[in-house]
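Produce the entire structure from the sequences given, and follow the hints as far as they go.
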Amino acid sequence: MFYPKRYDVVVIGGGHAGCEASLIAARMGMKTLLITINLDSIGAMSCNPAIGGLAKGHLVKEVDMLGGEMARNIDETGLQFKILNKSKGPAVWSSRAQADMPAYRLRMKHIMEHQDNLDMKQATVDEILEENGKVVGVKTNIGNEYLCSAVVVTTGTFMKGKVFIGLNEYSAGRAWEPPSIKLSDSLRSLGLRIGRLKTGTTPRLDARTINFNALEPQFGDENPAPFSFKTENFNRPNIPCYLAYTNEKTHNIILSNLDQSPLYSGMVSSLGPRYCPSIEDKVVRFYDKPRHQIFLEPQDEGSTEIYADGLHTSLGYEVQLAFLRSIKGLEDVEIMRPGYAIDYDFVDPTQLKHSLETKKIHGLFLAGQINGTSGYEEAAAQGIIAGINAALYIQDRDPLILRRDEAYTGVLIDDLVTKGTKEPYRMFTSRAEYRLLLREDNTQLRLAKKAYDLSLIDKTDFERIEETEQKIEESVYKLKNTFVFPTAAFNQKLKELGTEIIKTKTDLAKLLRRVEIQYDTLKKLIPDLGELNSFIKQEVEIQIKYEGYFKLQYQQIEKFRKYESLIIPKNFDYNKVGGLSNEVRGKLMDIRPESIGQAMRMPGVTPAAVSLLLIYMKRDERKIKSSA
Amino acid sequence: MHDDIIAAIATGYVESAIAVIRVSGYGCYDILKKIFSRKKINFEDKRIYYGHILDENGSIVDEVLVSIFRSPHSYTGEDSFEISCHGGLMVSNAVLQIVLNNGARMARPGEFTKRAFLNGKMDLSQAEAVAKVISAKSSRALHIAQLQLKGNFSNEIGEIRKDILLLLAENEVNIDYVDEELSDFSKEKRLSMVNNIYERLSSILRASQSGKSLFDGMKISIVGKPNVGKSSLLNKIIGIDRSIVTDIPGTTRDVVSEQITIKGIPFTLLDTAGIRKSSDDVIENLGIERTVDAIKKSDIILALFDLSSQLNEEDYDIINRLQKNSNRVIAILNKYDKKSGLFNKGIIPFKRQIQISCKTGYGLEELANELEEIAIGNIADSDIVSMNASQITILKQGMKLCKDLLNDIKGDIDPALISVEITGLIDILDEIIGKITTEDMLDVMFRNFCVGK
Ligand SMILES: Cc1cc2nc3c(=O)[nH]c(=O)nc-3n(C[C@H](O)[C@H](O)[C@H](O)COP(=O)(O)OP(=O)(O)OC[C@H]3O[C@@H](n4cnc5c(N)ncnc54)[C@H](O)[C@@H]3O)c2cc1C
Ligand SMILES: Nc1nc2c(ncn2[C@@H]2O[C@H](COP(=O)(O)OP(=O)(O)O)[C@@H](O)[C@H]2O)c(=O)[nH]1
Chain A
1 MFYPKRYDVV VIGGGHAGCE ASLIAARMGM KTLLITINLD SIGAMSCNPA IGGLAKGHLV
61 KEVDMLGGEM ARNIDETGLQ FKILNKSKGP AVWSSRAQAD MPAYRLRMKH IMEHQDNLDM
121 KQATVDEILE ENGKVVGVKT NIGNEYLCSA VVVTTGTFMK GKVFIGLNEY SAGRAWEPPS
181 IKLSDSLRSL GLRIGRLKTG TTPRLDARTI NFNALEPQFG DENPAPFSFK TENFNRPNIP
241 CYLAYTNEKT HNIILSNLDQ SPLYSGMVSS LGPRYCPSIE DKVVRFYDKP RHQIFLEPQD
301 EGSTEIYADG LHTSLGYEVQ LAFLRSIKGL EDVEIMRPGY AIDYDFVDPT QLKHSLETKK
361 IHGLFLAGQI NGTSGYEEAA AQGIIAGINA ALYIQDRDPL ILRRDEAYTG VLIDDLVTKG
421 TKEPYRMFTS RAEYRLLLRE DNTQLRLAKK AYDLSLIDKT DFERIEETEQ KIEESVYKLK
481 NTFVFPTAAF NQKLKELGTE IIKTKTDLAK LLRRVEIQYD TLKKLIPDLG ELNSFIKQEV
541 EIQIKYEGYF KLQYQQIEKF RKYESLIIPK NFDYNKVGGL SNEVRGKLMD IRPESIGQAM
601 RMPGVTPAAV SLLLIYMKRD ERKIKSSA
Chain B
1 MHDDIIAAIA TGYVESAIAV IRVSGYGCYD ILKKIFSRKK INFEDKRIYY GHILDENGSI
61 VDEVLVSIFR SPHSYTGEDS FEISCHGGLM VSNAVLQIVL NNGARMARPG EFTKRAFLNG
121 KMDLSQAEAV AKVISAKSSR ALHIAQLQLK GNFSNEIGEI RKDILLLLAE NEVNIDYVDE
181 ELSDFSKEKR LSMVNNIYER LSSILRASQS GKSLFDGMKI SIVGKPNVGK SSLLNKIIGI
241 DRSIVTDIPG TTRDVVSEQI TIKGIPFTLL DTAGIRKSSD DVIENLGIER TVDAIKKSDI
301 ILALFDLSSQ LNEEDYDIIN RLQKNSNRVI AILNKYDKKS GLFNKGIIPF KRQIQISCKT
361 GYGLEELANE LEEIAIGNIA DSDIVSMNAS QITILKQGMK LCKDLLNDIK GDIDPALISV
421 EITGLIDILD EIIGKITTED MLDVMFRNFC VGK
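Residue numbers (our numbering), protein chains in the order written: chain A, 1 to 628; chain B, 1 to 453.
Calculated from the structure, these hints are not laboratory results.
Honestly, I wouldn't trust all of these hints.
Listed below are the simulated EDC-like cross-link pairs for lysine to aspartate or glutamate, each with C-alpha atoms no more than 20 Å apart in a straight line [said to hold, decoys possible]:
{"hint": "1", "chain 1": "A", "residue 1": "K88", "chain 2": "B", "residue 2": "E421"}
{"hint": "2", "chain 1": "A", "residue 1": "K551", "chain 2": "B", "residue 2": "D408"}
{"hint": "3", "chain 1": "B", "residue 1": "K435", "chain 2": "A", "residue 2": "E583"}
{"hint": "4", "chain 1": "A", "residue 1": "K570", "chain 2": "A", "residue 2": "D507"}
{"hint": "5", "chain 1": "A", "residue 1": "K230", "chain 2": "A", "residue 2": "D507"}
{"hint": "6", "chain 1": "B", "residue 1": "K121", "chain 2": "A", "residue 2": "E469"}
{"hint": "7", "chain 1": "A", "residue 1": "K86", "chain 2": "B", "residue 2": "D412"}
{"hint": "8", "chain 1": "A", "residue 1": "K422", "chain 2": "B", "residue 2": "D440"}
{"hint": "9", "chain 1": "A", "residue 1": "K562", "chain 2": "B", "residue 2": "D4"}
{"hint": "10", "chain 1": "A", "residue 1": "K419", "chain 2": "B", "residue 2": "E439"}
{"hint": "11", "chain 1": "B", "residue 1": "K219", "chain 2": "B", "residue 2": "E372"}
{"hint": "12", "chain 1": "A", "residue 1": "K551", "chain 2": "B", "residue 2": "D440"}
A partial selection of chain A residues facing chain B, derived with a Cβ cut-off under 7 Å [said to hold, decoys possible]:
{"hint": "13", "residue": "R274"}
{"hint": "14", "residue": "G548"}
{"hint": "15", "residue": "F550"}
{"hint": "16", "residue": "K618"}
Using N, Cα and C, we set each Cβ at its ideal position, and we do this for glycine too.
Here's what the structure looks like:
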């Protein structure tokens, strides 16, 4: 049946991508419908009870700046918060929080339920409806057809999902939920290439059967900062995780039962994430490592179910129990839910534009694990971009595209659409070539303008951020233009502060560049230097201390932008370009890079090939000019 | 988009009386100001200035003429200049090196022409031709450069690459994973890895600078009885590349050799004086002696025979002497135009035989191809190092970065900054060690470190 209400945007799937996509579309005034298999699992965490982490914290903060919910949600439901990498430079500081999984899920559902313009319906979508290369609606498993102008597909691991526990195998979207069987065939019939990937998760343990006294607790930071720039009155508990270790006995049990593993027995051949290997993999590949770390993480505030981070496994139930019980502190442990592996259909993301719209079907957007990524944060970042761009598509406006020099989200999407992926893609800071400039701390400064231009943040917020930015600039300028002189009195003060004396007239910025000197140290030297709030102080310190490196990155970025701005015409004919190898030509025709910059990042595209492209582009341009 | 400055020796990598170094790109006159002896000049368009090129210590490297071509009057359409220096590979390379050290980069094959086209200095019909040149030149230049480096230093380069990747992966794994007992790399281990890279780079550099001229190629001798066409062939060969050539004093007696390039590959022609003399000199009987000498000294022996007459005793004598070294011999059957049918080429026991005519030019292309093929094969497994100026610059920059890296590792600098230096090193060495991508790094990271909680 045709459902009578017509929507602007339909989002399929209420996972982390789907939540952000539907919320932002609704917030941008689109009549939005979220259809998901089970309304009770909206915002559910399939795997670890944590948000953020290295490089992922960056993504969460970017989502927040673009009007998303993830940061707010964890700020209200986190169990402990921590800045990782604090001993390293500010570019790689990352926020991470343990989440109260049920609370996280319920709050998210609550927010969605109260969002204007957003309807939610429980159903499985079986088919995307298309006419003349444009998406027109979706059809559910009970035959309902919902008409709309744009569709965002965020089905995670659910398409033809297959779960493996030991030698048992069954169809499921994730361990305890039904899969989505038909949707990937519908996508395939629309002309999209579908591949298969694999991932896995760890056993959940019964807290009452763990001897925590034998284990080392790990707390979060004492006075943590929230994720969201909107969070006020931040006050969350600090509930510990516990550290445990595998040992030789554990390893022996695993090694002697490899025939029980679907991965080693050959049942599963799709590729899993190398950055997050199963315990079987770790033991086999790093056989000389005497022990592996495990983090026992609470799944909720009551801490009955414990997530055993570090023990992804798909070994049989008995083997899981046996190796767990060989671990100190877990001698009497009971498993509540076993670990498992899952493999599932994904869509080769090189078929997408940077807007996350498919190149083939207008108005069809894909986001999240369906694009070959893994992780809640990666999903949320794509979700919000897809949601925004679905709305912009309907409003007939240019899409929001974040570049690699603007945001981790930009790096993530550019990598996906340019290079594709062979294993579930996870964000790393090392993927971001301009990492020094893409920090968590300056997310606001990086993205506020774009967010405000699309009305994703309020005017007051924007003005406050602008003011902060100005204040930082002023303070940096002041430090560079305030001079001190090598008087005996001043040098005496320097000595007392434990730093080298100066021999010539010196500006304060130069002093601040010394490792042992902070803004507050300068204040001791020059009392009337001016009070700065802690955020501005931190930014000023970072900008001055790292100035040389930042300059270098700005130079690189300038070069990068130049190539990005050389747009390859949409209908550029690669067949005409003499001298390209067939392989390169094939790749270019398949990906159809939007700019010369993107072409240069494609694997296998040489500088000579790029020269050829430039020459033929120029030739076409001149031909048009001379015929005009 | 072309605001980087490119430079190359426009006259090619051969000995010549005058070598021209072409430099193009906006801002190029800033470089010239730094390296030219006359500081107060405004470098006006279409003017030629006489002066000296100075190195970083202010010492004179060469006496030169500098021609100024301001945009749009230059070949490329950009601001550019050309330095005409005194030929000689050592000198022109030294001048190029100074230009590169002061902010230019080595031009890629066909790049001047490409810029000329993009800047509207050529008409549309030339686009295709330009494209062809670029794809042909770059593939062959790349091919040769890679063969040279890989052949001579495959081990070194492999190890450098491995070390850099591991160093980067180790640095990154500690940034992208925390709370893990991941890497047991001590500071000493990291320092010694950087030191190793440094040593390897400097050993390549040493080898490349030791002894032989950088652009020595394989040595070729031409032998044959009097009047068989040796001196005609010599002139033809030199004519193949139109690239003659100043004389380099030989090592023994009055033997003189000459540098030539064939298809862009350098060769050394031995004892050219001996050949030239033979036509009007009495010492004709040196034929055998020259053959013996050639066997001792050369990599390729071009043995000439005259197709217009029967082989005689002299020919057989030469054949006999060459037979043990037949793998180095190319039998050149000359005077194909006057071929009388008397001479059955099956008589000559050398695998490589080429019929030519110095008079009509027949077969010379085939000879050039054959020489090229031998040279490429040879480059791959010889221990002669031949590197161009840009490769040397790269090595030196790489070594300097290693030094910086050592200091910063010692000083416990932030790993995110260390990473900037390591990737900087990779960028610089890209041409030598091959492109290293994030994926390569992640491969090494996941292979070597047990990541993932
Ligand atoms: C076993 C397992 C292990 C994992 N391990 C890790 C890990 O180690 N590290 C890590 O970072 N991430 C891991 N993840 C990934 C992480 O859970 C996902 O990346 C993230 O949740 C993806 O978000 P998403 O929004 O794309 O999809 P999901 O969160 O999977 O949500 C998909 C939603 O779509 C709905 N849906 C699917 N098909 C349809 C349909 N046809 N019609 C209607 N609704 C539909 C589903 O009901 C679900 O609500 C793991 C996931 C699983 C299942
Ligand atoms: N017809 C013909 N004459 C040739 C050819 N090559 C050389 N000659 C002639 O043979 C004579 C001897 O050549 P020259 O090069 O001086 O021989 P050399 O003594 O071996 O150096 C000259 O008169 C040349 O013009 C050829 O290919 N065809």
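*Ascending list of hint numbers which this structure does not respect*: 4, 5, 6, 12, 14, 15
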